[in-house]
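Q: Line by line, the protein sequences are chains A and B.
Letter by letter, the first sequence follows residues 1 to 276 in this note's numbering.
Letter by letter, the second sequence follows residues 1 to 276 in this note's numbering.
Don't take each hint at face value.
No copy is singled out in the list; a pair is fine if it fits within one copy or between any two copies.
Computed list of lysine-lysine pairs in DSBU-like fashion (alpha-carbon distance at most 35 Å, straight line) [claimed, not checked]: (1) Lys-39 <-> Lys-263; (2) Lys-270 <-> Lys-46; (3) Lys-46 <-> Lys-244; (4) Lys-222 <-> Lys-6; (5) Lys-40 <-> Lys-256; (6) Lys-148 <-> Lys-263; (7) Lys-25 <-> Lys-233; (8) Lys-82 <-> Lys-167; (9) Lys-86 <-> Lys-2; (10) Lys-47 <-> Lys-270; (11) Lys-109 <-> Lys-89; (12) Lys-38 <-> Lys-263; (13) Lys-137 <-> Lys-126; (14) Lys-271 <-> Lys-86.
In short, the hints are calculated from the structure, not lab data.
There are 2 protein chains.
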Amino acid sequence: MKMFNKVVIIGTGLIGGSLGLTLKKRHLAGQIIGLSRKKKNANLAKKAGAIDLVGTSLDVVKDADLVILATPVDVIVNLAVKISNKLKKGCIVIDVGSSKENIVAKLSKLIPNFIGCHPLAGSEKKGAINLKADIFKGSVCILTPTVKTNKNALNKIELLWRNLGAKIVKLSPNKHDQILASTSHLPHAVAFSLMGSVPEQFLSMSSGGLNDTTRIAASDAKLWSQIFLSNRKNLLSAVSCFQKELNALKLALQNKNQRSLTKILTLANKKREKLA
Amino acid sequence: MKMFNKVVIIGTGLIGGSLGLTLKKRHLAGQIIGLSRKKKNANLAKKAGAIDLVGTSLDVVKDADLVILATPVDVIVNLAVKISNKLKKGCIVIDVGSSKENIVAKLSKLIPNFIGCHPLAGSEKKGAINLKADIFKGSVCILTPTVKTNKNALNKIELLWRNLGAKIVKLSPNKHDQILASTSHLPHAVAFSLMGSVPEQFLSMSSGGLNDTTRIAASDAKLWSQIFLSNRKNLLSAVSCFQKELNALKLALQNKNQRSLTKILTLANKKREKLA
């Protein structure tokens, strides 16, 4: 069922490209035009069948029914400024950024039919070379409407994500950023720091534990430094919470307090069961 | 090729049971007798074909050619005291504990043909229910001989692990504990603390990142509190190194220093490439 005639995807990396591929596969879009700062990425996306055409200027948004902003978080606002006066009436714009408060505050003012989205389907892999269809199947997509959000546009985007296989959760932009600081940005900060702290000459003497714990330390450095900065205050709070936990474990270890140590580990065990 | 006529495995959990299963599969042992504090585990191991018989007392070690101590680290020394005067001449004893300094110091004095071993093939899963053959294939097994170690016994155990598919690394017990504090015990401490710090009500809003980073926080709490305490000083040093790394990241974030933040993340990226 075609939901949109013309879709423009700006940023044809892992999420943007995979979105294009899934829209195609599920026949949800007529024509898909992709744009990328890196021409190579857009060409790869076209080759993979994720987009029909490589756009050459932002003017392609003029007659779009849906514009998807799938660039790194730090350029989304500037991009929105540039396209906002080109859009036709009724065009819906979504972003897929990892932090929402700043983006939603600014884009809501610029674009009447803007809906903030965050599909929890990223990976440490990036770029059009890694895109694949159906990465959204069974995943959670968080929508961050505000009191000003156009209800029709919201319903349509909710249906779009459902059609892509995602489960919808609606949160305020503020709440989204607070939660994701704990569940995504903190684990990344911890994984990067853990990787940084293990001496290189020891790496061959490791097993699955270190490997899994640091998988996301392979995530793109520039992209993630921008995400960290875009959710700075919440991430700093989450890091402080984590530091308290680690200090409690350290204290039990310093005091040779096996009972306290086992209690800390047991609580973590119980919470982990709820994650799976 | 049969290497040992009679093998006794004390502790038929994930590692002990999987060892039995692999010894059987590769025809390396004549008879295998298994003992466990939990009768259920030994019976499960027998049912899985990992052992031929369930032993009822430590006296079964009397005519063993190889005794494998595969219990939690905190009981290995006591167990060695109990069996040391029962062993026949020439019997080789190995342990598979996650820390080596204390165990090797004590067992070297008690048992003439003792070789400390640490196969890096554990998992967050435990117990005979999860055992499987060939978990050692392609993995690293660290041997920790000392100047007093019997060379013939060492050569035989080295060959045994090679026959099980493992790659051998030899380290002093002290160096082993220093390295494993960084590559295994620290990632566990970090994963437990990370799991502890994420509010339970946020867990449904997470993706693969948190999941992988905290997989080993599902590891047995009692077992790991004992491992942590058995390598306390090295682990405390490793935790301090990690805390310094995290503080550097936090400082860059507090100062909105994107350049410094990207640099920290890039260094972690580069090290992570060497892990895979």
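Q: Against this structure, judge whether each hint is valid.
A: Hints and how they fare:
1. Taking identical chains as interchangeable, the C-alpha atoms of Lys-39 and Lys-263 lie at most 35 Å apart only when they sit on different chains, with a minimum of 26 Å there against 54 Å within one chain.
2. Taking the closest pair of Cα atoms, Lys-270 and Lys-46 come within 35 Å of each other only across two copies (30 Å); inside a single copy the shortest separation is 46 Å, beyond that limit.
3. Taking identical chains as interchangeable, the C-alpha atoms of Lys-46 and Lys-244 are never at most 35 Å apart, the minima being 48 Å within one chain and 45 Å between chains.
4. Taking CA atoms no more than 35 Å apart as the test, Lys-222 paired with Lys-6 passes inside one copy only; the shortest distance there is 31 Å, against 58 Å between copies.
5. Taking the shortest Cα distances, Lys-40 and Lys-256 sit within 35 Å of each other only across copies (31 Å), while inside one copy they are farther apart (56 Å).
6. In the homo-oligomer, the alpha carbons of Lys-148 and Lys-263 never lie at most 35 Å apart, since the shortest distance is 47 Å inside one protomer and 40 Å across protomers.
7. Taking the shortest alpha-carbon separations for Lys-25 and Lys-233, neither the intra-copy value of 39 Å nor the inter-copy value of 56 Å comes in at or below 35 Å.
8. In this assembly of identical chains, the alpha carbons of Lys-82 and Lys-167 lie at most 35 Å apart only when taken from the same copy (31 Å versus 58 Å across copies).
9. In the homo-oligomer, the alpha carbons of Lys-86 and Lys-2 lie at most 35 Å apart inside one protomer (24 Å), although the nearest pairing across protomers, at 78 Å, exceeds that limit.
10. Taking the shortest alpha-carbon separations for Lys-47 and Lys-270, only the inter-copy value of 30 Å comes in at or below 35 Å, while the best intra-copy value is 46 Å.
11. In this homomeric assembly, Lys-109 and Lys-89 come within 35 Å of each other (Cα to Cα) only inside a single copy, at 15 Å, whereas the closest approach across copies is 85 Å.
12. For the identical chains of this complex, Lys-38 and Lys-263 are inter-copy neighbours only, at 22 Å across copies versus 51 Å inside a copy, given an alpha-carbon limit of 35 Å.
13. For the identical chains of this complex, Lys-137 and Lys-126 are neighbours both inside a copy (19 Å) and across copies (31 Å), given an alpha-carbon limit of 35 Å.
14. Proximity of Lys-271 to Lys-86 under the C-alpha cut-off of 35 Å is found in neither arrangement, the shortest distances being 48 Å within a copy and 45 Å between copies.
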